[in-house]
Amino acid sequence: GAGVSQTPSNKVTEKGKYVELRCDPISGHTALYWYRQSLGQGPEFLIYFQGTGAADDSGLPNDRFFAVRPEGSVSTLKIQRTERGDSAVYLCASSDSYNSPLHFGNGTRLTVT
Amino acid sequence: QKEVEQDPGPLSVPEGAIVSLNCTYSNSAFQYFMWYRQYSRKGPELLMYTYSSGNKEDGRFTAQVDKSSKYISLFIRDSQPSDSATYLCATYTRGGTASKLTFGTGTRLQVTL
Chain A
1 GAGVSQTPSN
11 KVTEKGKYVE
21 LRCDPISGHT
31 ALYWYRQSLG
41 QGPEFLIYFQ
51 GTGAADDSGL
61 PNDRFFAVRP
71 EGSVSTLKIQ
81 RTERGDSAVY
91 LCASSDSYNS
101 PLHFGNGTRL
111 TVT
Chain B
1 QKEVEQDPGP
11 LSVPEGAIVS
21 LNCTYSNSAF
31 QYFMWYRQYS
41 RKGPELLMYT
51 YSSGNKEDGR
61 FTAQVDKSSK
71 YISLFIRDSQ
81 PSDSATYLCA
91 TYTRGGTASK
101 LTFGTGTRLQ
111 VTL
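Chains as they are written, first to last, in the numbering used here: chain A, 1 to 113; chain B, 1 to 113.
Don't read these hints as lab results, they were simulated from the structure.
Each hint can be trusted.
With a cut-off of at most 20 Å between alpha-carbon atoms, the simulated SDA-like pairs for lysine to any residue come out as follows:
#  : chain 1 : residue 1 : chain 2 : residue 2
1  : B       : Lys-100   : A       : Ile-26
2  : B       : Lys-42    : A       : Ala-88
3  : B       : Lys-2     : A       : Pro-61
4  : B       : Lys-42    : A       : Ser-5
5  : B       : Lys-42    : A       : Asn-106
6  : B       : Lys-100   : A       : Gly-51
7  : B       : Lys-2     : A       : Leu-39
8  : B       : Lys-100   : A       : Gly-72
9  : B       : Lys-42    : A       : Thr-7
10 : B       : Lys-56    : A       : Ser-100
11 : B       : Lys-42    : A       : Gly-3
12 : B       : Lys-2     : A       : Ser-58
13 : B       : Lys-42    : A       : Asn-10
14 : B       : Lys-100   : A       : Asp-57
15 : B       : Lys-100   : A       : Gly-59
16 : B       : Lys-2     : A       : Ser-38
17 : B       : Lys-100   : A       : Ala-54
18 : B       : Lys-100   : A       : Pro-101
19 : B       : Lys-100   : A       : Gln-41
20 : B       : Lys-100   : A       : Ser-58
21 : A       : Lys-11    : B       : Arg-41
22 : B       : Lys-100   : A       : His-29
23 : B       : Lys-100   : A       : Phe-65
24 : B       : Lys-100   : A       : Ser-97
Note that the structure is predicted; figures quoted are calculated from it, not measured.
With these hints in hand, go ahead and build the complete structure from the sequences.
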């Protein structure tokens, strides 16, 4: 596709459940990023992949959050034992190198009830 | 204190006005500066990207960076209702394998007819 694609666009889950959020980056982009945006705030960095490996996961808030990118393209952000405080928009971005501008998807709006 | 400070607004201006949006940052290691535009329920869209101090112009948009005072600005000339959105400044350092963006909170702009 032409841009970064994220699915689902909306996800409602109950507290304690497990969720997976998917990101399809722009074709050929080697760098992939996950950000989280709470209401009225700017996006906050979670994790950065260069190829298949997580080059920087310092933004993951705790061990309930995990992300993979097994073939260096699609990435999945996984959240275990969801909490109401996890409710936010989860944004994925990609770029063609580590210091090139990021191109964002429209995000997955996660609501934990 | 946040590393990037931005007035959240909202800022309301009449159509045709010149808009000035500003951010300050505290980390002198920041080297790259960006402005993103974010429409409601959409991902951030890159508007301007600059490295050095000075001005960069693109159509109705001018980005200005003053590294000595750690101040960045975005000017919009002849503002249009379609410019109504949230404007996010962002910055990052270069180096290592990480280039995670640090965002401001965003300024909500409304251009009225």
